[in-house]
Structures are given as structure tokens and as C-alpha cells.
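Number of protein chains: 4
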Amino acid sequence: VGRNSIGFIGLGGMGEPMAANLLSAGFALRVYNRTTAKAVPLVEQGAELAESPADACEPGGVVISMVADDRALQDVVRGPSGLVAGLGRGGLHISMSTIGVETARQLADEHARAGQHYVGAPVFGRPDAARAKQLAVCLAGPPEARQRALPILRDLGRGVWELGDEAHAANVVKLSGNFLIAAAMEAMGEAFTLAEKHGVDRAAVASLMAETLFACPVYEGYGKAIAARSHEPAGFRLDLGLKDVTLVQEAAKASLTPMPLAGLLRERLLSALAHGDCEKDWSALALGARRDAGLD
Amino acid sequence: VGRNSIGFIGLGGMGEPMAANLLSAGFALRVYNRTTAKAVPLVEQGAELAESPADACEPGGVVISMVADDRALQDVVRGPSGLVAGLGRGGLHISMSTIGVETARQLADEHARAGQHYVGAPVFGRPDAARAKQLAVCLAGPPEARQRALPILRDLGRGVWELGDEAHAANVVKLSGNFLIAAAMEAMGEAFTLAEKHGVDRAAVASLMAETLFACPVYEGYGKAIAARSHEPAGFRLDLGLKDVTLVQEAAKASLTPMPLAGLLRERLLSALAHGDCEKDWSALALGARRDAGLD
Amino acid sequence: VGRNSIGFIGLGGMGEPMAANLLSAGFALRVYNRTTAKAVPLVEQGAELAESPADACEPGGVVISMVADDRALQDVVRGPSGLVAGLGRGGLHISMSTIGVETARQLADEHARAGQHYVGAPVFGRPDAARAKQLAVCLAGPPEARQRALPILRDLGRGVWELGDEAHAANVVKLSGNFLIAAAMEAMGEAFTLAEKHGVDRAAVASLMAETLFACPVYEGYGKAIAARSHEPAGFRLDLGLKDVTLVQEAAKASLTPMPLAGLLRERLLSALAHGDCEKDWSALALGARRDAGLD
Amino acid sequence: VGRNSIGFIGLGGMGEPMAANLLSAGFALRVYNRTTAKAVPLVEQGAELAESPADACEPGGVVISMVADDRALQDVVRGPSGLVAGLGRGGLHISMSTIGVETARQLADEHARAGQHYVGAPVFGRPDAARAKQLAVCLAGPPEARQRALPILRDLGRGVWELGDEAHAANVVKLSGNFLIAAAMEAMGEAFTLAEKHGVDRAAVASLMAETLFACPVYEGYGKAIAARSHEPAGFRLDLGLKDVTLVQEAAKASLTPMPLAGLLRERLLSALAHGDCEKDWSALALGARRDAGLD
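Residue numbers (the numbering used here), protein chains in the order written: chain A, 1 to 296; chain B, 1 to 296; chain C, 1 to 296; chain D, 1 to 296.
Treat the hints loosely; a few may be bogus.
The list treats identical chains as one, so a pair stands whether inside a single copy or across any two.
With a cut-off of at most 25 Å between alpha-carbon atoms, the simulated DSS-like pairs for lysine-lysine come out as follows [said to hold, decoys possible]:
hint, residue 1, residue 2
1, Lys197, Lys38
2, Lys224, Lys197
3, Lys224, Lys38
4, Lys253, Lys243
5, Lys253, Lys197
6, Lys253, Lys133
7, Lys197, Lys133
8, Lys38, Lys253
9, Lys133, Lys38
10, Lys197, Lys243
No wet-lab data here; the hints were simulated from the structure.
Please build the complete structure, drawing on both the sequences and the hints.
Here is the structure:
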């Protein structure tokens, strides 16, 4: 194949299948992960192992990051072995982690000061969607940088939605999406509890909704789980859900946007954690409505 | 052609196309509406005009009602010219209006005491869906009564979801569905305002969501309207939305089910009415998040 | 002694000591209670027993009512043996029950149509305060009617606060007061739980607040109970608390006034009822914050 | 006169009168403020001017801090010219600022590691109360350290409430108090708007409440302001109110304590800021209920 070489930072549940897809698509990859073991399968598929984030970069090249949270990304970008140090002038950082809006803004600035480009490209989809190239990508950043990122991102998902020239806009949208999911889960938690209290089968309500008004992935999948109160194993852990809702609230505060429904979700998630549901899927937030109603 | 005669009460925006579809399907209809003018087109299509709800009934026959609210339905059922008086023993009332759970329970009792059957069969869908036989029907009531209602209901919509032996269960589910819609609208109102405050195009967010996680009618249709703040003409008036959320809250109170999100919706709808949005579509409840954020 | 004769309707926990105080103050009383037994002690103190609300009235005279709820008061006012029938032209109904705003408005109209006066005069205070003439009276209604009521009301409490010419205004204020009490209880429930979760003694926080910023009856009394989670026996039952918060919400709806905090209180009270706390004092609503926090 | 020398850090609106009171009480003071000009009046009253926080300390001595926020206090404590560096073994830091619980915990640790003592001693009261020695002091920390702090604190206020052995407990309680105040303001905002919408005078309701159930400083003072919608000049700025409610929410999150009412307050304060009320008193949060109700 012989396409360009790309750096790839972060080989966790999401990053590993994404990197593997890029390899299959013909990209040469230099991969880095904090714990090296996770890189082994990719090296066996032909990736080169980098010793630091900077080492994964080529001067003026492209590097993708997909790490756990704001702190992890800051660690990857900053310092003598970080991406800013490694990318050189004209380099491009495609930042795909779910991070806070303010962090995105700061990192974009740090790259810009080094003559580098930064685009936000967080995704919707779980590891299985990543493997199946079914991620939905939110893309924002300077136009030329987006142009450069687009062909790569198209090999990672089923579509790229462009959201303007400011990189952090992509994170606003990614967080908004997670907020919408959590809101739908709370709504179902309340509705199904109302039904249950009136002697109606929770699963029958969930089916009806998922087959009619709400025939879409979020209501289909989470609806079934919430109706059955089946929240293990976790697809997305409840404590990570709280992390994301907290990021939503920080973005809301920074922009002076009251979001009472986000506030309700926060209280539900805190209550779930207080009841020991940390390891459950974040859809377990819907148990709160049932507990409130005296059903345990 | 040549099928049984059915009574049909209530020829408003929903009832008229439903009755027309039954005529086309070969049912003989006796129709009644409080204001006779609305019955004219149906009479031209072959329906017989009844002079009262009771007059639309045949002893032991089937009558369908589709009226505006609890009060209207109680007026139709009770009294010397009401359905209980007209149906006779063994008659069946298919009650399709969006009414409260307690009202449904009472009317089922009143019919039962007269040796009659009552099923709840409220629907999801607007007048255009009614005309296109695309309604989704929630059906509940005694098994034999449901059996008798099913073939008729199948001529009115795209599917019938059965929800158990107690007629009011169908109303719980119908109200739950309207609650889920309103909750989704509030969530979008907050999410799109967050995006707007960060300089992101509301419509771009709405599209992304409607094409990915939330590719379903509620998010597609209302999402577009909420993004564009386009709430006129009303598909479903905001004051009727408050009526339905109030019915949800009454059902919640009767069953001791706390529903904080329903409470939030109530406040949003009240605030919209206080700002003069009574004639707008109920999706205008999403304007509240924007007003709160100082955008006017 | 030798003052005018007054009718007094409703000899429950509140009405009985109030009537007794009027007797002591020299008023001649004609008393009525649905169950006659409760009238016995007053008759022994010199009151005359009336056989119906109408029978307690003198044409053009004054009658006081203090009954359980809207329904009870409507029953007392309406019908052939009701107050409207008994009072005659120029009579005055001093309505002291805690009732809804709309009911007050209707009853004022009904009396007015009969050429009678109606003032709203609900009170703050429990039975012990009633006995000790320490009630605080909210008074509203037409000026001359208020003038006529004032000397009587001054014998029932420690003060009369006049709130304008429309009788229902007094009920708005009474309900607002109960709302403020419930809001303070919820606030303490959350604050004390926060303290407890951080290892701070709930009672110490309650004392500090009641000795400084909040040195007033509501925070002193309820603060101690909420800190100790001591909610029995009930001073004011939780289900009655929900009745009053519901009246607040109805007044809010009628006037298009969003009250999110009232909504929160409603959910707390419903949850308490769902957990079997119906017989407890309404301060048990504060247990909700603790349950949410996983402390049981 | 002739009492021990004390260091005093932070001479703003609160710190200056507190320091002046200590001088009057006979303490020798070494004072430090980031901008020296504010120290001049105290120097004229006999205080010695320190060049850094460390310089205000005597080895093994006592130092009081009263600064604007967490960051300012961290700057005062840490670094080569900070309190930890200056206090020496056996020194005592009496920390009186309103800061977050986690910050308090960290600073207590940092002092402990240096063989020093730290007590939390935040106060209730505004600058006028500080000047009049009417502050209420929340005190927590190791018993001997509290013993050492008590005689000094008694010269600053009208009482000291002891809250256990962990310094941060005092901050939990201080923040809880501010939360209770804000909750009371929101409750009044809703209640007075309900009254206004029914044609009842806001001020009349405020008076009644402040003279009866809520005869305490918070309802008296804020009640009058909220009734009159008089929020300037600010006694405590709205943005500082949001800072404190945010600290409450952080403490709630750290302890897994859902606080829906705190969440409501946050949204109100954000909305007020979005409407340009940043410079107003934080009681302006009560305007939100009125705006929601369409009154502007």
C-alpha cells in the first residue's frame, strides 16, 4: 500500500482496534502506549513501537491520540517527550479522546504556539463499533487541518461530521451527545417505573417505544437493559459516566448555560455511586427512579 | 365491504381520518360529533349520522371514541344519551383518546357494571399519521375484549401493542410515551443551547444526533424544529402538552412514583405559557433552556 | 361577656382550642362538628350545639370555619344546610382552613352572590399554638369585612397580617408559608447529610444554624428533629404535607408560576410515602437526601 | 496589652477589621497583604508590616489567614516564603477563609508533615459583623490546636462552635451554611413570585414571614431585599455565591452526597450571570423565579 506514516498514541479498548484498522487501510503506524504490552498485537501486525509520544511523531507529520481522560492527554502533549515537542512545525494532532472543552482549548493553543495544528475528533461508539469501522466522528478545527485529517478519519468510522473551525467545538458536541444519552436513560428509568407501579410490564413499554417513536440505537439498546435492570457487565462504567456529565457541567458553567437536566443526571449518578454501583454500566443511573419509588 | 357496523364518537383532527379509514376498510359507521358540521364529509362517504353517543351504538355492538380530553369522554360515556346507556350488555367501548389513568379506571368500572367491555386504545401519531394508517396503538383490557378490538384497530394503524388485561395500562403507556418525547425535547433544548453558547451551529448538532445515536422520528422531527426554533404552526399545542404532563404527574402521584424529570418539564411548560407561547407547538418548551442562558 | 354570638364550624385539633378561646373571651358560640362527640367539651363550657352548618348561623351574623380540607369546606358551605343557606344577607364567613386558592375564590363568589361576605383567614401554628392564642393569622377580603373580622381574630392569635382585598390572597400566603417551611426542611436534609458524610455531627450543625443565621422557630424545631431523624409522633402528617404542596402547585399552575423547588418537595414527599412514611411528621421528607446518599 | 504576637495574612474587607479587633484586644500583630497599601491603617494602629507570609510568622507561633479563595490560600501556605516555611515546628495556622473541603484537607496535611498545626475557623458574617466582633466562628481541628486558637477567636466574634477534630469539618459546615442561605433565598424568590402573580404584595409576605415563622437574620434581611428586588450594592457578589455553591457541589461529589437543591441553586446563579447580574448581590438569584414566570 504505502500510505503515509502516522503516529498513534493510546492503545486501550478504543485505540487498539482503531489503530488496527489504520494498519489494514495501509497506513504505516508508529504506536505508543504507556504500558507497552498493549502494543504487542499491533507490532505483530506491522506497527513500529515508539518509546514516547514524541517518538511516535515525524516532524510535520500526523499523530492521533485516543487516551482515557484530560490528564492523560495533557501528559501526552506536554513535556520534553510530548507531542508538542515531537511534532515539529506543520505537524497535526488529531485528538480523539473524550475530554473537556477547556482542556481542548488549551491544547489547541499549545500546539498553535508551536506552529502546529490541532483538530478535535472525538467519536461516538464503543470498542465493537471501533473494530467494525462504525464510529461516528465529530470533527472541528482549522479548515486545512480538517482537510488533512478527513481521509484518515474516514478509515475509522462510518461518517465524519464537521463542526466548524474551533477544535473544542467537537468536544462540546461529543459531550452533548453523551448528555443526550444519559437524559434518555433517566427518562426511561422514570417512565418504566411509572409503568411498573401501575402493573405494566417494563419490557413491553421498552419494546413499544423502541419499535415506534424511538426506533434508534440508544433507546433500543439501553431501553432493553433499563427495562430488565441488567447493568452488568458494564459497556461504559458508571463512574466514567459521572466524569462525562461533570465535563458537561464544566462546559455549561464556562459558557453560563444552565442545564437543569444535566444537574439531575449528576445527582442520579452520585446516588448510584453512593449505592455501590460504580462498576455497573452507566445505564444503572436509571435505577434511581425505582429506588425513589420504594421498589428495591 | 359488508363488515359490521361500528359507532364512532369524535370527529376532530384525529377522529375524522380514522373514521374515514374504517369506512374505506368496509365498516359501516354510525358517527357522532358534538358539532355536527364535522360529520358532513364522512356522511358523504357513507357514514350514518347519529344524534347522540347512545344513538351511535348498537346493543351489544362496538363503539370507538376519540375525543379531546377526560371531561369530553366522561360526557360521552355518562348520562341518558351516553355510551353506557346506549351500548347494552355485551357491548364494547374502544377508548382511543389520550386521557388520565384514573379516568380510564373509572370508565372501565362504569362499563363493567353495565355488563359492557371497555378497552384502552390510545395512539401515537398525529393527524397525518392517522390518515396514512400509521398510528401505533397501545391496547389493554380484558383478553376477549382485546380480541374483538384487534381487527378493527389493525385497520387504523401500523401496529397494535398489547399491554395486559387492565384497560388503564394503555393510558399509562401512552402518557409515558408523551413524557419521553417531552424529555427528549428538553434534553435537546439544553444540548443545543450549550452548543450555541460555544459557537457551534445548533442545526449541525441536531443533524449529527438524528443521523447517528438518535436516528428516530422524535429526534429527527423535533430536533430540526428545536435547532431552528421553529415552533409554528403547532402540530401539538403547548397547552395540550401541559395537559398531558399533568396527567403524567397525576398518574405518578397516584402510584407514588417520584418523577423529577416530569417535574422539570412541567416547570418548562408553565414558563413557556407565562411567556405567551400557548399557541406554539409544545416543542417550544425547549426555548426555556435558551432563555435561562440569557439568549433571547 | 355578653359579646355577639358567633357560629363555629369544625372542632378538630385546631378548631376546638380556637372555639374554646372565643368562649373564654366572652363570645356566645353556636358550634357544629360533623361528629357531635367533639362538641361536648365546648357545650360544657357554654357553647350551644348546632345541628348543621346553617343552624350555627344567625341571619346577617358571623361564622368561622376551620375544617380539614377543600372538600370538607365545600360541603359546609353548599347545600340546603350549608353556610350560604344559613347566613342570610350581610352575613360574614371567616374561613380559616388551609385550602386551595381556587376553592377560596369560588367560595368567595358563592357568598357574594348571596349578598354575604367572605374573608380568608388561615393561620400559622399547631394546636398548642391555637390553645395558647399564639396563632399568626393571614387575613384578606373586602375592607369592611376585614374590619368586622379583626376583633374576633385578635382573640385567636398573636397577630393578624392583612393581605389585601381579595380573600384568596390569604390562602396564597398561607400556602407560601408552608412551602417555605418544607423548603427549609429539604435544605436542612441535604446540608446535614453532607455534614454527616464528612463525619460531622448532624446535631452540631443544626445547633449552630439555629443559634446564628437561622435563629427562628422553623429551623430550631425542625432542625433538631431532622438532625436526630426523629419524626414521630407526627405534628403534621406527611400526607397532609403533600396535600399542601399539591395546593401550592395548583396555585402555581393557575398563575403560570414555575416553582422548581416546589417540584422537588413534591418528589421528596412522594418518595417518603412510597417508603411507608405516611404516618410520620412531614419533616420526614428530609430523610430523602439521606437515602439518596446511600445512608439507611 | 502585652499579649502574644500573632501573624495575620489577608487584610481585605473581612481581614482588616478582624486584625484591627485583635490589635485592640492587645495582641501584637505582624500583618501581611499582597498589596501593601491595605496594611497602612493597621500599621498606624501599631501592627508590624511583614514582607511575606513567612515573615509574618514566628517559629512555633500562631498565624491567622483570611484570604479570597482556595488559590490565594494555597499561595500563602506554599513555597519558600509561605506559612509552612515560616511557622516552624509547633506553629499553628488558624485558617479562616471560606475554602473548599479538599483544599482544607490538603493544607492540614501539609502543615502536619512539617510538624505544625492547622485548624479550620471560617466564619459567618459580613465586614460589618467582623468590625462589631459579631462573627460566628466554626472551629475544627486537633483538640490542643483548638484550645490554643479559642482565646484568639473569642476576640473576633460572638461565639465559637466546635465541630470536631478534623479541620476540614469546619469548612463543610461553613459551606453548608451558605447553602442554607442560598436555599432560603430561592424559596423566597419562588414564594414571593407566586404571591405577586396572585396580586399579593411581595413585601407584605416578606414581613409576615420575617415576623413569624422565620424571624431570623437571613429571612429578615434577604427577605426584604428579595421582596423589593433590591440587589445593589452587593453585600456578597453573585459570582462569589456561585464560587461557594460550586465548593458545596465539590464537597457533595467527593462524599457521594446528592444535593438536588444545590443543583437548582447552581442553575439559578448561572442564569443570573448569563443575564448580566454578576455585580449584584447573590440574593439576585431570586430574580430567576420571576423571570421564569414571565415577569420582567
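25 Å Cα threshold - placement of lysine 243 relative to lysine 253: Both: 15 Å inside a chain and 11 Å across chains, each within 25 Å.
Please sort lysine 224 with lysine 38 into within, between, both or neither, judging by C-alpha distance up to 25 Å. neither (33 Å within a copy, 43 Å between copies)
How do lysine 253 and lysine 133 come out at 25 Å by Cα distance, when the copy is not named: within, between, both, or neither? neither (34 Å within a copy, 36 Å between copies)
At most 25 Å between C-alpha atoms: does lysine 253 with lysine 197 qualify within a copy, between copies, both, or neither? between (37 Å within a copy, 11 Å between copies)
Intra- versus inter-copy proximity for lysine 243 and lysine 197 (alpha-carbon distance at most 25 Å): Between copies only: 21 Å across, 32 Å inside.
Have a look at lysine 224 and lysine 197 and pick one of within, between, both or neither, based on CA distance no larger than 25 Å. within (18 Å within a copy, 34 Å between copies)
Intra- versus inter-copy proximity for lysine 133 and lysine 197 (alpha-carbon distance at most 25 Å): Result: close neither inside a copy nor across copies, 42 Å intra and 32 Å inter.
Please work out whether the CA atoms of lysine 133 and lysine 38 approach to 25 Å or closer within one copy, between two copies, in both situations, or in neither? within (20 Å within a copy, 55 Å between copies)
What label fits lysine 197 with lysine 38 when the C-alpha limit is 25 Å: within, between, both, or neither? Neither. Shortest intra-copy (47 Å) and inter-copy (39 Å) distances fail the 25 Å Cα cut-off.
Reference check for the pair lysine 38 and lysine 253, CA-CA at most 25 Å: within, between, both, or neither? Classified as neither: same-chain Cα gap 37 Å, cross-chain 33 Å, threshold 25 Å.
Violated hints for the displayed structure, listed by number in ascending order: 1, 3, 6, 7 and 8.
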